[in-house]
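Student: Assemble the whole structure, with the sequences as input and the hints as a guide.
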Amino acid sequence: MSATYTHQGLPEGVKPFDLPDMLEKLRMRLGLRDEDITYIRYLLRKVRAADFQPGRICAVWEAAATQAADLGFNTRRITRIATRLETRGLVLRTASKGGRRFGLRGPDGRIVAAGGINLGPLIEQAGDLLRLIRHEARASERLRDQRQRANDLIKVIRALDAEGALEVARAVFPRLRPSEVNDPERLAGIIEALEAVLADFSTAPGRTTEAAGSDSSGRPDTNPEKKTKTCMAGKRRETQPLHTTPAQVALLASRDLRKALELYWSAQDRGGHLSWESVLAAVRDRVRQLGISGAFWERQCDLLGPDRAALCLVIADRNAERTDDYRVRDAARAFAGMARKEGCQGGIVNSLLGELIAFAGGQQR
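For the sequence shown, our numbering begins at 1162 and goes up steadily by one.
None of these hints come from the bench; they were simulated from the model. Careful, some of the hints might be misleading.
Said to hold, decoys possible - In silico lysine-lysine, BS3-like type, Cα no more than 27 Å apart, as pairs:
1. 1186 / 1176
2. 1176 / 1207
3. 1186 / 1207
Tutor: Below is the structure:
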């Protein structure tokens, strides 16, 4: 490698010994160890302030054995650290072919050539590292805000005097611990679902409530007469009988659900006509795979009837595979929202089932 590798200097406001502090903040992202940052601090003490001026070489050429003795490491450890730092693009090893390290400074103190550990790549990346630190700080702040929002929603739902509210919340977020969620997108989906639960269970007679958009496959109902209806938790609505056949369910099922249907069709129906018993058994398996609690599933079966609850699951599960406007991010949360709306308003399954049949038919053409 070139013994005359130069750099363009540090960004304005960044000092040489800010570099290890920056690496410390990004240690996990960069895959660095404590010993790597200790080694960088050591190297920075071996160079001069003038070496950080633009267009200069900034390098250390002391022997690895000397460095190991200074740090209380062995030589192999120093080599492993230098290799790791070079792999991360933070230093450049510029020793001669035989591994001999050397360095030469001119009369003005400027390094003319150096074979050793060149810090130029780290200096060049300082601006990018600084931007990454700022980005992570903003992301961390947003994540804290999201967790606080989710916690606030959970507290309000717990305080509601509404039967089943907490149970539905657990269906969409079983552990109810926002601190365990590190994915902002997933947390946003959880917040959306919790807002929908709160809106549903907070509705009072004679008062309209506009729920936050939930991750369900139902379209917003803009009928003002329906908005004033009260959803009574635990009360099952009278619904129109279903005319969907098990064969239609198989055509509408997601890939994973279809595998379960084929298993039960072969084992229980002996390859004959697919039965509702096999459909319900396959759906129960899919419920467990999606992480929906057994208690919540049984409650929906009691409220809606097993067949209608199964169709809610089939629709939500299939819509999770879609890429159009009906796509849902999380089938379990979509199922909870759809089942709740079906129990409150009725007609949700019929309308969405018709849309899904049309969608599936279009795909098969």
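Student: Hint by hint, work out which the structure violates, then give me just those numbers in ascending order.
Tutor: Failing hints: none at all.
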